[in-house]
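Undergrad: Protein chains in written order, with our numbering: chain A, 1308 to 1658; chain B, 1308 to 1658.
Since the hints were made in silico from the structure, they are not lab data. Hints are not guaranteed to be accurate.
To be verified - Below 20 Å or equal to it, Euclidean Cα-Cα: the simulated DMTMM-like pairs (lysine to aspartate or glutamate) are: (1) B/1618 / B/1511; (2) A/1544 / B/1523; (3) B/1339 / B/1311; (4) A/1487 / A/1574; (5) B/1555 / B/1523; (6) B/1544 / A/1574; (7) B/1544 / A/1576; (8) A/1544 / B/1511.
Stated by the list, open to error - Covered stretches of chain B, as calculated for chain A (at least 3 residues, CB under 8 Å): (9) 1575-1582; (10) 1585-1591; (11) 1594-1602.
Beta carbons are placed, not taken as given, at the ideal position from N, Cα and C, and that holds for glycine.
There are 2 protein chains.
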Amino acid sequence: MVVESREWVLSAYVPQGVPTSEHLKLNTVTLKLDSDSIPDRHIAVQLLWLSIDPYLRTRMSGHQDGLYFPQFELNQAVTGFGVARVIRSKNSSYIEGDIILNPFCPVAEYCIIQPSDFLRKVDPDAGVPLPDYLCSLGVPGFSAWVGIEVLGNPKPGENVFISAAAGGVGMFAGQLAKIKGCRVVGSTGSDEKVKLLKEEFGYDDAFNYNTETDFDAALSKYFPTGIDIYLENVGGKMLEAVLNHVNKRARIPVCGMISQYNQVWSEREGVRNLLNMVGKEVRMEGYLVGSYINRFGDFAKEMESYIKQGKISSKHKIYNGIESFLESLASLFSSSNVGKVVIQVKQEMEA
Amino acid sequence: MVVESREWVLSAYVPQGVPTSEHLKLNTVTLKLDSDSIPDRHIAVQLLWLSIDPYLRTRMSGHQDGLYFPQFELNQAVTGFGVARVIRSKNSSYIEGDIILNPFCPVAEYCIIQPSDFLRKVDPDAGVPLPDYLCSLGVPGFSAWVGIEVLGNPKPGENVFISAAAGGVGMFAGQLAKIKGCRVVGSTGSDEKVKLLKEEFGYDDAFNYNTETDFDAALSKYFPTGIDIYLENVGGKMLEAVLNHVNKRARIPVCGMISQYNQVWSEREGVRNLLNMVGKEVRMEGYLVGSYINRFGDFAKEMESYIKQGKISSKHKIYNGIESFLESLASLFSSSNVGKVVIQVKQEMEA
């Protein structure tokens, strides 16, 4: 069996700005998938769903500071979190038809990989729609859970602020904080998403940072008694504004800083009021969900229970076909999406 | 009994720069200290020693952001941490001759106060020289202990960086980290102090930030394997440089940010690379020692034991007479001091 497989290759690093077709090329390669062509212990997989996340951008800058995820290699297919189907196996742990979750899946319609510890097999009897593994029960849901429940340590009645609140992490973070009895306010990029946060995700309030551009005034208005937990997804000016409204012993779990990803660091606007962290004894802590993987079972059990009880809503923005990778990635930086961005690489009916 | 008492009064707030005689006036007041003039439950005290600390500056800015200590009131005597002798008492818990520690002592040669929970009586049999209560066994020693031992959680072999390393907090912080088996490097403002850190306080290495002004290059040189704990005393550019050299799960206890105190916050240079906190999962936490007062007993026991074993050295810079308040305060911002700055308000022999 021979397939034509399209894959996205990084041809040049992107020091600043949004990646374009100058940096990412859609190539077509021919793959032989007969038994002789697949090495021992390897499997051939077909990509079904791909998660599109802001951190992908941070692997394309080419900055050699080494302080974030390692940079993608040039002239190789980039990777992302994917759901794939095994179509050939020369590994005794996998059979044809298995559905796998792969955090470092090449962004390619087909590929041959050697299974690693990172792979997880989906239980076909769980009845979970596949995109949910990239969403409520995947990295965004887990990121929200670690930020709010592990690092945020929310107490009933506390005031919680979520930035990028209608994004993949934000939508779950707000709902988890509400379940814990907190008052929750979010910032997001459109009036439509403000409405969604309040009506669909149960936020107590929300504002559009593109129209309420004086963040300090907005936070005075929405947090008259201050902020106890800020789940940081954007950085820059929003963080600076938050630090003028923190309560004693506020917690700031730092999930990401999307406002910073398209700039070289020396040109970023700095945060000038970190001194407020002393007077208010604020704890700010960066995290990567991979470090909390020993808690994934606790998370999955809790989240599944909330989903069954109808306590968690979820929105996906679905792009179709692997050719939409560049467009879907750029969309993360334009306030245009609602919910978690995913690509349906292959229609499930045909898969 | 009537005394002439000189006291320092704040006549104008200091929005930026170092306080001068335009802002702080040395007034002389006449105090009646006979029994009829002292209210019930009050005591009259004579100030012996006064601690001069960077945080005092933050109480003089007049900024109403309310995020640090409350601002001093205009046309009132400012306050600081003092050692004083009771000279008259109408409070049954105090007798003439008692030596007290007062964290909010008016900067005045004499005053009449109502004792509060903040006061602590010195045990005259402890044999501790009085300035040590403002130093190794006082707020600077306790600040160092909370930063290094409580928040820093040092492990043998870890790399520890201390800024303002020859200052009141820094000199103890480095010694405590050495006792815990860490490798310790400090930054300080003169070659003389670099020498002192290495020869007197046991630092493994140290550099002069006034001559090695490329902090990023300096940290590359002194921390080839990265920084695990940074005790933050200065903020601004130094913090930014540190964030380019942090190791995975580094801890940054924030004791203060002296580089920021003389500027209005909107004119401060911001920190542009907080994103590094995500990739390295850094925890940065501001603290005020008052919040750890329940650990003061543990601290005092441990520190006294180290002092008896000769494991802790200490330097004071002593100014003489209450008239030196303005000069001694300004000296904190000029790299000119070694060790903890105190004023000997009254010679002990005469007291």
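Undergrad: Now tell me if each hint is right for this structure.
TA: A quick look at each hint next to the structure:
no.: 1; hint: B/1618 / B/1511; result: holds (15 Å)
no.: 2; hint: A/1544 / B/1523; result: violated (24 Å)
no.: 3; hint: B/1339 / B/1311; result: holds (9 Å)
no.: 4; hint: A/1487 / A/1574; result: violated (39 Å)
no.: 5; hint: B/1555 / B/1523; result: holds (18 Å)
no.: 6; hint: B/1544 / A/1574; result: holds (14 Å)
no.: 7; hint: B/1544 / A/1576; result: holds (13 Å)
no.: 8; hint: A/1544 / B/1511; result: violated (39 Å)
no.: 9; hint: 1575-1582; result: holds (count 8)
no.: 10; hint: 1585-1591; result: holds (count 7)
no.: 11; hint: 1594-1602; result: holds (count 3)
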